Amino acid sequence: MATTTLTELKPKDFKGKVDPDWCPGCGDFGLLNAVQKALAELGRRPHEVLCVSGIGCSSNFPGFINTYGMHTLHGRALAVATGAKFANHELTVIATGGDGDGYGIGGNHFAHTARRNVDLTYLVMNNQIYGLTTGQVSPSSSLGMKTKSTPFGNLERPVNPITSSIMNGATYVARGFSGHGKQLVTLIREAILHKGFSLVDVFSPCVTFNHDNTYDFFRGRIKKLEDEGHDPTDWKSACEKAMEWDDTIYTGLFFKNEEVPTLHELEPVLDEGGPIAHRKPGLTKEQGARILKRMM
Amino acid sequence: MSNGYDFAFAIGGAAGQGIATPGNILARIFVRRGLHLHAYNAYQSIIRGGHILLTVRVSDEEVLTHGDGLDLLLCLNQDTMTRHARHLGDGGHVIFNSDDVSPAEVASGVELCGLPVKELTNDNRNKLVQNTVGLGAMLNLMGADFAVLEETLKLQFGRKGQEVVEENVSMARAGFDYAKEHFHPFKKRLPQGKKPLAVWTGNDALAMGAAAAGVKFYAAYPMSPSSGILHWMAKNARELGIMVRQIEDEIGVANVVIGAAHTGARAMCGTSGGGFALMTEALGAAAMMEIPVVFVTVQRAGPSTGVPTKTEQGDLWQVLGASQGDFERIVVAPKNALDAFDTIPELFNLVDLYQCPGIVLSDLLISEGTFSVDPDEVDMQPSIERGALILDGNASDGYERYKDTSTGISPRAVPGLEGYVHVVATDEHDEDGVLISDEFTNPHKRRKMVEKRARKLASFFDKVEAPKIEGPDDADVTLVGWGSTHGVLAEARDLLEGRGVTANQLSIKWIKPFHSDAVTRALSKAKKIIVVENNHSGQFYRYLRSETGITAQGHIRKYDGEPFQPHHVVNGVLDHLGEKKDVERDVFVPYQEILV
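Residue numbers (this note's numbering), protein chains in the order written: chain A, 294 to 589; chain B, 27 to 622.
It is possible that some hints are incorrect.
Stated by the list, open to error - EDC-like, lysine to aspartate or glutamate: derived pairs with alpha carbons at most 16 Å apart:
hint, chain 1, residue 1, chain 2, residue 2
1, A, K573, B, E265
2, A, K310, B, E403
3, A, K578, B, D423
4, A, K586, B, D400
5, A, K586, B, E265
6, B, K261, A, E560
7, A, K578, B, D402
8, A, K573, B, E411
9, A, K586, B, E403
10, A, K586, B, D402
11, A, K578, B, D405
12, A, K310, B, E426
13, A, K310, B, D458
14, A, K573, B, E88
15, A, K578, B, E403
16, A, K310, B, D423
17, A, K586, B, D405
Just so you know, the hints here were simulated from the structure itself, not pulled from any lab data. All values derive from a computational prediction rather than experimental measurement.
Based on the provided sequences and hints, a complete structural model is requested.
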């Protein structure tokens, strides 16, 4: 990989080509700022990072940050990010998306990427509603929530991304709030450093369509796990804390397991070193001859 | 076809009775002897039970199809005897275990060769013992030396230890000797070919083509009849440095492959029609992001999950229309296994050049068929041309991923390179990758990008071979087919000549972009055009019309799940020529047609 003289990077060095077109006050801004800060603090160079997104307001993220980016399909960010990481494990791969994108249409990939312990960071801008399609219920919308598609109230219980990702085998599971920037930067930084699949579910209030889960809603309820002496290696406690909702909602690092190897560490093809994307394509004469001989 | 040796045998039984192993042993014997073969396995989607008929045709010259008849039948159960013994004609032999299977009524001149397996094997209780005894008898009737069989059994069972080898050799010997004493061998002895050949399936060929093409990443979800590609890849991946992953579903597969391809690895995925249906959204994404990816889809009989273990050419329109919107793709239908092998590197060079998705349209007949191949014809080091791909170096400023060039091809840099940071997007974007909806929806930019992408394939027809008429120019009939029907058309032409009808053929391999001009020219002299395809609605018949304005005068279609045999085409052509009453009916009922 090409290198240049390293100079200290600032968050603004990660500012993308265009300014975000999110609604003023959108929770997604908080996450964007936090990622830019975290990357600067980590000393990552823009070209070393690949941000992959799906579809939705949140998924415009790669356009607003100065790193390599892929704006893919609804729900497919994790699958594409997984492929990119497999083929070039030297890249820092960050997948971004929304709650509908990740926990609804992308739910299957969410479960399996966690299970595989692919070394990537998944940042979900969770606003508990479909924003870009103008305000329908999402998989994380609260029970009873009235939206355009649930005028009589949501009948379906919300997904719990924290417990479900722990159960699926994720090895770093955290929740942030876009109104709490400092904590969010720490969580994201640690998530990127973590070897394995890391989820940071981020409450990112939708100021236009979600009038229930507002900044004030969260500010009145949020307690930080780090203030409670929570042990992130204790998954039972993590799940219990993640089930809290009404009066207390926890943010911070719920669960961390550093014992599980990442998938690319287990992959025998990578034993000889170097990403497969950098290897010379094609077979040697000897390889070709061996294969042909086995067919005879 | 061959003027010399042309011999077909079948092994029938239930799934789980061990049909593949004797089939593989025989295939190995023939190719090591330098003989050509083509095997077709008619089977059900069932793990144990049901009915299987493995047909193998052997010749001292290239074998294009599994043929029209049987010379020898090995019955592993009563069912096979009941179903297929009557399909053999004068001179045919039926081998069976006389302890368990009663002979059926057969045509005159057919020799019923019962083997007292219990007695021959000292009451060996191994369920598979009858196969080995039968194998010995078959080889004797065909006129091979026992040493040949012994050597192959050693190769086949060597890994299982000396005891297993010895047991198998002695069982085979018992069958061989019994046949020698009690049955009449075939008049033509198994010949010796020119040089040893190799054996592969079409799926092996597709996987090997990918390895040779430099594929470094292969992903799939298991689906018949494409799983053989995954199996070959998984088995050989470590040695060849290919990363192989089984992903949760085909939606994931296609997207994982896009991610891998974007970083610069040649990446491929394989599936069948139902899985491809799930991949279609990603196909469009690859086109929009201009990421070269190869999708292999192996057709089986549909719609929906259809008939999982039966063949059809029913997915043409699916691949042509897959994914929303209006965009370019390359679609290719290989003619046979060797062609499938050669096609993969060629297609990868094209998709790298044009930065667009490519689709290989195989079918069960090619992919699961077993074929002989001359190893000297298999080029394991084809040329690898990656087009305008930037894999290293430092960029100047102002790199634009989707730069609007005169060819429409924009240099492609991979993530990780300094100075080339950019975004690729499935939303419409500008030359620099910025979503046009992020600024304002700009009709001028949209139009420019559509035209840029469309322009890329303008040079396609200079890069790939146009289809050509095979056979006499002034033939009575021109047979048009695509993909796997190539071989059966060639054989049918020979047979038609024997009936006094001259026929030539036009086999189409590159489906999209379509060689409209070349095909129109080639068909301009045709007296009577008949499109032959393995589906009901005539997908290619109509595609030909839409691309050339040519309406074929006739069509021959088959949609029962089994592939064409030469006589189906011959009878169809004679029918079309209005000479049906002159058709000499075959002495046997075509056995594949009443199968399972």
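Taking the hints in turn, this is what the structure says about them:
Proximity of A:K573 to B:E265 is assessed by CA-CA distance (about 15 Å); at most 16 Å being required, the pair is judged to hold. The straight-line distance between the Cα atoms of A:K310 and B:E403 is roughly 52 Å, outside the 16 Å bound, and the hint therefore fails. With a C-alpha separation of about 40 Å, the suggested pair A:K578 and B:D423 falls outside the 16 Å cut-off, and the hint is violated. For a cut-off of 16 Å, the pair hint linking A:K586 to B:D400 stands: about 11 Å separates their Cα positions.
This hinted pair checks out: A:K586 and B:E265 have alpha carbons roughly 15 Å apart, not beyond 16 Å. With a C-alpha separation of about 14 Å, the suggested pair B:K261 and A:E560 falls inside the 16 Å cut-off, and the hint holds. For a cut-off of 16 Å, the pair hint linking A:K578 to B:D402 stands: about 13 Å separates their Cα positions. Taking the CA atoms of A:K573 and B:E411, the gap is near 12 Å; set against the 16 Å cutoff, the hint holds.
The suggested pairing of A:K586 with B:E403 holds, with an alpha-carbon distance near 13 Å, which does not exceed 16 Å. For the proposed pair A:K586 and B:D402, the alpha carbon gap of about 11 Å is at most 16 Å, so the pair holds. Among the hinted pairs, A:K578 with B:D405 is consistent with the structure: their alpha-carbon atoms are about 10 Å apart, no more than 16 Å. Only pairs whose Cα atoms come within 16 Å are accepted, and A:K310 paired with B:E426 is accepted, the gap being roughly 12 Å.
About 9 Å separates the Cα atoms of A:K310 and B:D458, which keeps this hinted pair within 16 Å; it holds. For the hint linking A:K573 to B:E88, the alpha-carbon distance of about 36 Å lies beyond 16 Å, and the restraint is violated. As the CA atoms of A:K578 and B:E403 are separated by approximately 15 Å, the hinted pair is consistent with the 16 Å bound. At most 16 Å may separate the alpha-carbon atoms for a hinted pair to count; A:K310 and B:D423 meet this at roughly 14 Å.
For the hint linking A:K586 to B:D405, the alpha-carbon distance of about 13 Å falls within 16 Å, and the restraint holds.
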